[in-house]
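Number of protein chains: 2
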Amino acid sequence: MKIGIIGGGSIGLLFAHYLNNNNDVSVYVRTQDQAEMLASEGLVLQKDGVSSCNPINAYTIDQWSGSEELTIIAVKQYHLSTLKHLFKKNIKTSFLFLQNGMGHLKLLDDINEITILLGVVEHGALKVNGNKVIHTGAGITKIADFKGKQQSLIQRIIASSTEDFPFDYVSDYYSMLSQKLLANAVINPITAVLKVTNGELIHNNFYFQVVKQMVKELTLVLQLENDGSALAYVESICEKTSENRSSMLKDIEEGRPTEVDAILGYVLTVANENRLEIPITEGFYQLIKGLELKGAK
Amino acid sequence: MKIGIIGGGSIGLLFAHYLNNNNDVSVYVRTQDQAEMLASEGLVLQKDGVSSCNPINAYTIDQWSGSEELTIIAVKQYHLSTLKHLFKKNIKTSFLFLQNGMGHLKLLDDINEITILLGVVEHGALKVNGNKVIHTGAGITKIADFKGKQQSLIQRIIASSTEDFPFDYVSDYYSMLSQKLLANAVINPITAVLKVTNGELIHNNFYFQVVKQMVKELTLVLQLENDGSALAYVESICEKTSENRSSMLKDIEEGRPTEVDAILGYVLTVANENRLEIPITEGFYQLIKGLELKGAK
Chain A
14 MKIGIIGGGS
24 IGLLFAHYLN
34 NNNDVSVYVR
44 TQDQAEMLAS
54 EGLVLQKDGV
64 SSCNPINAYT
74 IDQWSGSEEL
84 TIIAVKQYHL
94 STLKHLFKKN
104 IKTSFLFLQN
114 GMGHLKLLDD
124 INEITILLGV
134 VEHGALKVNG
144 NKVIHTGAGI
154 TKIADFKGKQ
164 QSLIQRIIAS
174 STEDFPFDYV
184 SDYYSMLSQK
194 LLANAVINPI
204 TAVLKVTNGE
214 LIHNNFYFQV
224 VKQMVKELTL
234 VLQLENDGSA
244 LAYVESICEK
254 TSENRSSMLK
264 DIEEGRPTEV
274 DAILGYVLTV
284 ANENRLEIPI
294 TEGFYQLIKG
304 LELKGAK
Chain B
14 MKIGIIGGGS
24 IGLLFAHYLN
34 NNNDVSVYVR
44 TQDQAEMLAS
54 EGLVLQKDGV
64 SSCNPINAYT
74 IDQWSGSEEL
84 TIIAVKQYHL
94 STLKHLFKKN
104 IKTSFLFLQN
114 GMGHLKLLDD
124 INEITILLGV
134 VEHGALKVNG
144 NKVIHTGAGI
154 TKIADFKGKQ
164 QSLIQRIIAS
174 STEDFPFDYV
184 SDYYSMLSQK
194 LLANAVINPI
204 TAVLKVTNGE
214 LIHNNFYFQV
224 VKQMVKELTL
234 VLQLENDGSA
244 LAYVESICEK
254 TSENRSSMLK
264 DIEEGRPTEV
274 DAILGYVLTV
284 ANENRLEIPI
294 TEGFYQLIKG
304 LELKGAK
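Order-wise, the sequence lines are chains A and B.
In terms of this note's numbering, the first sequence is numbered consecutively and its last residue is 310.
In terms of this note's numbering, the second sequence is numbered consecutively and its last residue is 310.
Don't read these hints as lab results, they were simulated from the structure.
Check before you lean on any hint, since a few could be wrong.
Repeated chains share a single entry, so a pair holds when one copy, or any two copies, can fit it.
Straight-line distance between alpha carbons at most 25 Å, and here's what the computed DSS-like set of lysine-lysine pairs gives [said to hold, decoys possible]:
{"id": "1", "residue 1": "Lys97", "residue 2": "Lys162"}
{"id": "2", "residue 1": "Lys263", "residue 2": "Lys208"}
{"id": "3", "residue 1": "Lys119", "residue 2": "Lys101"}
{"id": "4", "residue 1": "Lys225", "residue 2": "Lys208"}
{"id": "5", "residue 1": "Lys15", "residue 2": "Lys97"}
{"id": "6", "residue 1": "Lys225", "residue 2": "Lys307"}
{"id": "7", "residue 1": "Lys253", "residue 2": "Lys307"}
Construct the entire structure; sequences and hints are all you get.
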């Protein structure tokens, strides 16, 4: 099928490469320069030290008209608001949103008469430049329907799975997103403040006590089962991505804005609405905002 | 008067230099090497770029017999237990303890029939090597009586004040120590985790929110006035020592053990005894213990 991907960051390029094997993919990116680079030089994907370069359709975002059957939104959550005008009526495409956190759900509530799917990406990817991405960690993409069930679309996405790039259907979008949010909310800020790999959070028993404190607070706010499964899930992600430096750590190190508002900001809003005190989470929110401010100077 | 100083770290050497002007000081240090270096080469103090070298009496700690009128204990709190055998009966000296925190008060309760004074040091000092110390920040030493009032001794210490090295008498040792503990408990761990100067805690408004959270917890545990004065005090110390890197930050950077147990460990024990929850303080305790563990590897 025809698939549009909006966003030329690491996730957008990763999806463009793999989905283009079985589909007709067009990537829509922010700058004219990147669109031209992709169109003229092709898209390079590197995995396990091996690079492959393939042609790809590439345009700027303002050229997107919603003509594809599926449009994947692969921009950071804090850029979503700049795309609002795209989500108007009278377009035929269905959307798949890949943002971290849950803050974007409010925005999606305002989009009517369109099928919306949600996804969480458990791949590691690093963008080298405008047309080159490294697949640093093979994982899975989970998808769930959010609005307007369309089983045949989901089935065709699942059918695009390859060994290196599988899709999995999940029936409950809330638990899918809240689990991912939990892992992001704990692992990202702590690793970014301490400047350590994900694995250190479980291998250093003192750091792990802070992980436990934070999981306890988030279990309450996100209404997760209080049976130890939330902590076990976070542990398993730290184990699986042991050598990785989290995206928030990389953002801080490179002086970029982080997704802290989409992740911890959202959690704090929910906590506030429910009059729950989550001091450790609040503390890490402030530490990351402070590090962002420092990096911006 | 005759004064013994136990401890050849930055504070011990700083006190030895200044008190030797008006008194007969002997320094007692841990290693034979340092004692010989001090005795043969003298004690060098550097201030504002100017160095002065003066002769000093120096011995190893096991040569101390308690013959001086006053003995100043200038070792880190976590080394105090190794000196326990010195605090036995049948010695004539009075003690002045300069440790951070309040954890050592329990130990002092067991010392009988001896005058004990407590002090807090608000000077900045950096030990360069065994016989050289830099006076990096001019401040004051506050002293208070803890056990066995001896006004004449206190008066003679105060009389040793010089412009560069003043002493001040404080009537209430508890508020003196708890204020200092408050400042240490907030400034040391946060700066050590973030690796920033003291001033950044008030100049970066996000970091300052964490300072506020922690002051709130500590005000409760240390039973300080809940009238904003605790926060104002911490702010004033950050302002006065704006360019300084805290001792805990320096310890972490150099892979040394920190005073976190004397400072936050003590606070957590008191909180626990009173069933108070102080999550931010507990979180920072674990972060520092984790950083110590990492540095030790």
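Regarding Lys253 and Lys307, is the shortest C-alpha distance of 25 Å or less found within a copy, between copies, in both, or in neither?
Intra 31 Å, inter 21 Å, cutoff 25 Å: inter-copy only.
For the identical chains here, do Lys225 and Lys307 meet the 25 Å Cα criterion within one copy, between copies, both, or neither?
between (28 Å within a copy, 19 Å between copies)
Alpha-carbon proximity between Lys97 and Lys162, which holds within one copy, between copies, both or neither at 25 Å:
within (22 Å within a copy, 75 Å between copies)
First find the shortest C-alpha distance between Lys119 and Lys101 inside one copy, then the shortest across copies, and answer within, between, both or neither for a cut-off of 25 Å.
within (15 Å within a copy, 70 Å between copies)
Pop the pair Lys15 and Lys97 into one bin, within, between, both or neither, using alpha-carbon distances up to 25 Å.
Classified as within: same-chain Cα gap 22 Å, cross-chain 79 Å, threshold 25 Å.
Indicate which option fits the pair Lys263, Lys208 if close means a Cα-Cα distance not exceeding 25 Å: within, between, both or neither.
This pair counts as both: shortest intra-copy Cα distance 9 Å, inter-copy 17 Å.
Could you place Lys225 and Lys208 in one of the four classes (within, between, both, neither) given a Cα distance threshold of 25 Å?
Both, since 19 Å and 24 Å are each at most 25 Å.
Every hint, counting from the list given before, is met by this structure.
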